[in-house]
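2 protein chains.
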Amino acid sequence: MDDILIIGTVAFDTIETPFGRVEKALGGSATYASFAASFFSRPALISVIGKDFPKEYLDLLRKRGISLEGLKVDDKTFHWEGFYEYDMNEAKTRRTELNSLENFRVQVPESFKDTKYVFLANIDPEQQLETLRQMEKPELVVLDTMNFWITNKKKHVLEIMKKADVLLLNDGEARQLFGTVSLVKAANDALSLGPKAVIIKKGEHGALLFTKNKHFSAPGYPLENIKDPTGCGDSFGGAFIGYLAKTKDMSERNFRKAIIYGSVVASHNAEDFGLNRLVKLKMDDIEKRYGEFQDMREF
Amino acid sequence: MDDILIIGTVAFDTIETPFGRVEKALGGSATYASFAASFFSRPALISVIGKDFPKEYLDLLRKRGISLEGLKVDDKTFHWEGFYEYDMNEAKTRRTELNSLENFRVQVPESFKDTKYVFLANIDPEQQLETLRQMEKPELVVLDTMNFWITNKKKHVLEIMKKADVLLLNDGEARQLFGTVSLVKAANDALSLGPKAVIIKKGEHGALLFTKNKHFSAPGYPLENIKDPTGCGDSFGGAFIGYLAKTKDMSERNFRKAIIYGSVVASHNAEDFGLNRLVKLKMDDIEKRYGEFQDMREF
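Protein chains in written order, with my numbering: chain A, 1 to 299; chain B, 1001 to 1299.
For the record, the hints were derived by calculation from the structure and aren't laboratory data.
Here are the computed lysine-lysine pairs in the BS3-like style, where the Cα-Cα straight-line distance is at most 30 Å: (1) A:Lys-212 - A:Lys-246; (2) A:Lys-92 - B:Lys-1092; (3) B:Lys-1092 - B:Lys-1185; (4) A:Lys-257 - B:Lys-1212; (5) A:Lys-212 - B:Lys-1257; (6) B:Lys-1248 - B:Lys-1137; (7) A:Lys-288 - B:Lys-1212; (8) B:Lys-1155 - B:Lys-1116; (9) B:Lys-1072 - B:Lys-1153; (10) B:Lys-1288 - A:Lys-202.
Facing chain A, according to a computed beta carbon distance under 8 Å, are these residues of chain B, among others: (11) Tyr-1086; (12) Val-1181; (13) Ser-1182; (14) Lys-1202; (15) His-1205; (16) Phe-1216; (17) Pro-1222; (18) Leu-1223; (19) Arg-1297.
No experiment lies behind these values; they were computed from the predicted model shown. Using N, Cα and C, we set each Cβ at its ideal position, and we do this for glycine too.
Just need the whole structure built from these sequences, with the hints factored in.
What follows is the structure, encoded as structure tokens:
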């Protein structure tokens, strides 16, 4: 097992979907990403929580072998309140209390500065840039972001994109950032910034991988019941880099496999609220669904 | 080569997209479907045109080996005027002149009543029902429809669905008809009506095939420039049944291949206005893109 450094948010999530509600559930981009990555590799989580963060949540992460050395404690935990309407395609924010996230300055522990695999999960792009400044020479940098940063810190988003090897964007973000309805054009524009691969996440419609001359289309898993899509993108990214760190193969062919593992973990994640499904998930479940993905795209 | 009976509309299409405009171009569901099917089999087109229908349009169809014995001439040709906005996902109707379509009563020529393969392309479901009444014992009935009929003649739509072997629906229609956001639920509801296969067309996101215990996900072809999506669904259906009639293999596995051929022809169709692209399309182009579809879903 190899180490992965994962920076992002750790949050309390209060979520309402047509299928229920949870209050102050454990959430955040780094939480989902680390949890998903832990099925394949050993993640070190870099983030900040508050003094109000329950010990049981810390235990949940530790039990998965996630290093919390880089997890600062300061003030109160970041709290996001949001809801999904019937079509579940987009999280709508009701309230955001930044709390400890407001003054968070990333500090990578000395022992992790030579980590080869880095996942810059969704967080302020200035902190993503700062993370790379502190790292020695990562072999693979995977970057995620969200529409909020594209709208409010586009300059920094473009700057960090130039330093990433793999870019994760959902389809709406890709279209917004590059001002085109064509995902092919958006992906080509993104590639021209420098990354060697661009992955466009399309929720129920699967994911697309664009590299210089190749194109891969990963199917979406046909879920009959989606309970809560929170964290699906983060779990996708976490499992993606987790599988790459485990297999140490950075070929386009292996990226494809990593995308399917990402899709498998993300599709499981949507089946229950918060981390509930991932907490119970076993490697057997993952391999079984991976097989289903193989079958459903065969012709 | 085997015969396919295709009933649907033949139309003048006046179309505007962000990339141009055509006036009274040759269109209609049966036109696109027959044209696409003709790459694989010998279609017989059942529809109605007006006395104003140009000879060059008839020649275009005849040259593809499409039988026009069942094409009535009466009054003026059906004329549809529509436009697409920037995202190209949905045709918006500006004006519809039904003309000869208004009093059209289907009449299958005697020599085609024993045709084994029947495509009920988009047209009034009462005419689709009437077609089946006149047919002897088709081996495969493929059915397409559209939101207009689901809204205005739902009873007839459900009645004809019970008599079809394969149902084509786009994602919006499937959700509308079965009142659910879940495509899996919609597909299962559709299967419970009787058809052995349900195909959900998702435009740029590809297509899904649902049968009793199996699921197939066909990728969308990554088009950089879509000029005019008119007729893509009809071409998809035409190529789908055309390939099945050619290969005479009604297995789920062969349905998958037929869906890819449908996707190949439909993706070409979107590259130019009206029938312009299909008129120039060669079997080599089809096989080449089929190969690309194989490559882009391999992992």
